[in-house]
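**Student:** Sequence:
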Amino acid sequence: MSENVGVKLLAVKGMNDVLPPDSAKWAAIERCARAVFHAHGYRELRTPIVEYTPLFVRSIGEATDVVEKEMYTFTDRGDRMITLRPEGTASAVRALLEHGELARDPVVRWYYAGPMFRHERAQRGRYRQFYQLGVEAFGVGEPTIDAEQIAMLVEIFTSLGIGGLETLVNSVGGAEDRPRYRAALVAHLEPRRDALCPDCQRRLGTNPLRVLDCKSPSCQTQVADAPSILDHLGDAARAHLDGVRAGLNALGVAHRVEPRLVRGLDYYTGTTFEVRVTGGDLGAQNTLGAGGRYDALVAELGGPATPAIGFAFGMERVALTMPAPATEFEPKLDVYLAAHGAAARLACLGAARELRAAGLVAEMEHRAVSLKAQFKRADRLGARAVVVIGDTELAEGVIVLRDMQAGTQERVPRAELVAATQQLRERV
RNA sequence: GUGGGUGUAGCUCAAUAGGUAGAGCACCAGGCUGUGAACCUGGUGGCUGUGGGUUCGAGCCCCAUCACUCACCCCA
Numbered sequence: 000m001s002e003n004v005g006v007k008l009l010a011v012k013g014m015n016d017v018l019p020p021d022s023a024k025w026a027a028i029e030r031c032a033r034a035v036f037h038a039h040g041y042r043e044l045r046t047p048i049v050e051y052t053p054l055f056v057r058s059i060g061e062a063t064d065v066v067e068k069e070m071y072t073f074t075d076r077g078d079r080m081i082t083l084r085p086e087g088t089a090s091a092v093r094a095l096l097e098h099g100e101l102a103r104d105p106v107v108r109w110y111y112a113g114p115m116f117r118h119e120r121a122q123r124g125r126y127r128q129f130y131q132l133g134v135e136a137f138g139v140g141e142p143t144i145d146a147e148q149i150a151m152l153v154e155i156f157t158s159l160g161i162g163g164l165e166t167l168v169n170s171v172g173g174a175e176d177r178p179r180y181r182a183a184l185v186a187h188l189e190p191r192r193d194a195l196c197p198d199c200q201r202r203l204g205t206n207p208l209r210v211l212d213c214k215s216p217s218c219q220t221q222v223a224d225a226p227s228i229l230d231h232l233g234d235a236a237r238a239h240l241d242g243v244r245a246g247l248n249a250l251g252v253a254h255r256v257e258p259r260l261v262r263g264l265d266y267y268t269g270t271t272f273e274v275r276v277t278g279g280d281l282g283a284q285n286t287l288g289a290g291g292r293y294d295a296l297v298a299e300l301g302g303p304a305t306p307a308i309g310f311a312f313g314m315e316r317v318a319l320t321m322p323a324p325a326t327e328f329e330p331k332l333d334v335y336l337a338a339h340g341a342a343a344r345l346a347c348l349g350a351a352r353e354l355r356a357a358g359l360v361a362e363m364e365h366r367a368v369s370l371k372a373q374f375k376r377a378d379r380l381g382a383r384a385v386v387v388i389g390d391t392e393l394a395e396g397v398i399v400l401r402d403m404q405a406g407t408q409e410r411v412p413r414a415e416l417v418a419a420t421q422q423l424r425e426r427v
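So the first sequence is numbered by numbering that gives the first Met the number 0: it starts at 0 and just counts up by one.
For the record, the hints were derived by calculation from the structure and aren't laboratory data. Quick caveat, the model's predicted, so the values are computed rather than measured. Only true hints are included.
DSS-like cross-link-like pairs, simulated, lysine-lysine; straight-line CA separation at most 27 Å:
#1 Lys371 with Lys331
#2 Lys12 with Lys68
#3 Lys375 with Lys331
Listed next, with one range per pair, are the computed distances between beta-carbon atoms:
#4 Glu141 with Pro324: 37 to 47 Å
#5 Val368 with Lys68: 51 to 61 Å
#6 Pro412 with Asp104: 53 to 63 Å
The beta carbon of each residue, even a glycine, is placed where N, CA and C say it ideally should be.
Please model the entire structure based on the sequences and the hints provided.
**Tutor:** Right, here's the structure in full:
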């Protein structure tokens with residue numbers, strides 16, 4: 000196992016480098032999301048990438064896959080159990096309580112961005128280290144905020160040019176509703192146990208709700224006429240779901256109620272939602288972002304009873320789905336400075352700084368290579384203009400300004416460098 | 001954790017029935033001794049993932065191993 004690693008240095012399995020130009024695409028996605036978050040009054044929360052293990056066990060749930068088999072857990076030098084965060088909500092709640100934020104303001108809205116870690120088998124759109132952006136809103140129990148968050152998620156994706164979106168909404172009910180529904184579901188499935196796939200036979204005991212979205216055809220058949228959670232919601236949950244839908248309609252967000260939409264983390268209560276993309280480049284992972292209410296979690300972690308809702312989306316999946324090529328997001332090079340001779344190179348240094356001070360993107364050649372090579376490079380970089388400085392120009396107090404699109408060039412007094420270059424950039 | 005696919009130049013891929021490893025792109029140089037993209041010429045670059053086996057001979061066949069990848073479970 001270790002020999003290969005010694006010979007060839009590789010990134011850790013399931014963890015990827017993001018190189019240019021893809022990194023520019025990532026930056027654009029993050030920029031867009033932050034703009035939407037800010038516009039809605041969400042402020043940034045930054046938390047450590049690790050937490051003490053019990054935080055995740057208590058919030059996500061002991062019996063979930065994430066906790067059972069996917070956490071990167073280790074002991075530090077003080078023999079404390081530490082875990083690389085597998086998601087963002089637990090840390091947010093911890094920070095909320097640790098700093099007593101609710102005492103300062105009954106409504107707290109945060110967003111976060113950063114890497115998450117889950118030790119599972121990597122595949123397209125799913126990695127062991129993945130970058131998530133998400134929001135959490137504490138202290139608001141009204142359904143309009145649910146609708147607003149769902150709309151935010153959709154807005155981010157649409158403004159990034161992603162089409163074919165599908166918004167699914169459901170309610171998993173309140174603390175009283177879920178056990179009732181669970182019992183009804185088990186009562187329905189138990190007699191048909193033999194027709195379920197092995198996994199679902201096991202789930203029947205551990206987490207029967209998960210049978211609902213099993214992809215196995217035989218399970219789908221058994222589940223087709225299973226009782227719907229919608230029929231088991233209490234009045235409060237029912238009314239809340241209606242409120243969410245009313246909000247979505249008011250915002251013009253197309254959506255569908257999907258009674259089989261079940262989230263994998265235990266803390267969800269009431270509203271759950273998911274935005275998927277149909278078709279596209281994502282492979283089997285077509286969920287771009289998802290979220291829901293977790294009205295009981297803050298209290299469960301020792302805080303005051305506080306309603307809460309949040310969502311998160313995966314950067315990798317969004318980047319894979321966005322139609323625009325990554326290069327589109329890289330800064331355009333306005334001017335490339337080519338030097339002929341050591342003295343000229345020194346002169347380019349200052350000239351480049353002047354151009355940058357005027358807001359232009361300028362790059363100069365530092366290596367002593369032929370002019371031909373410099374032009375070749377300028378062309379490859381897509382420079383709009385090239386400034387040439389050589390001994391002749393230095394002596395005459397001019398520079399050569401070449402329009403790389405038109406293929407024309409002129410000699411310009413050194414003093415007019417910035418103005419002439421700016422003017423050239425404005426030309427079509 | 002389970003199953004499938006694939007490993008040949010920096011990238012994308014060839015290599016007929018086992019018979020001396022190739023192209024395009026990219027990069028460098030020249031054709032134009034201070035000028036890009038097109039075109040032409042030349043050049044750098046590989047122990048064919050690794051280790052074994054079969055064979056006169058293996059990129060090709062067999063075994064193992066590692067890596068990547070897709071899918072399942074689950075999820076963003």
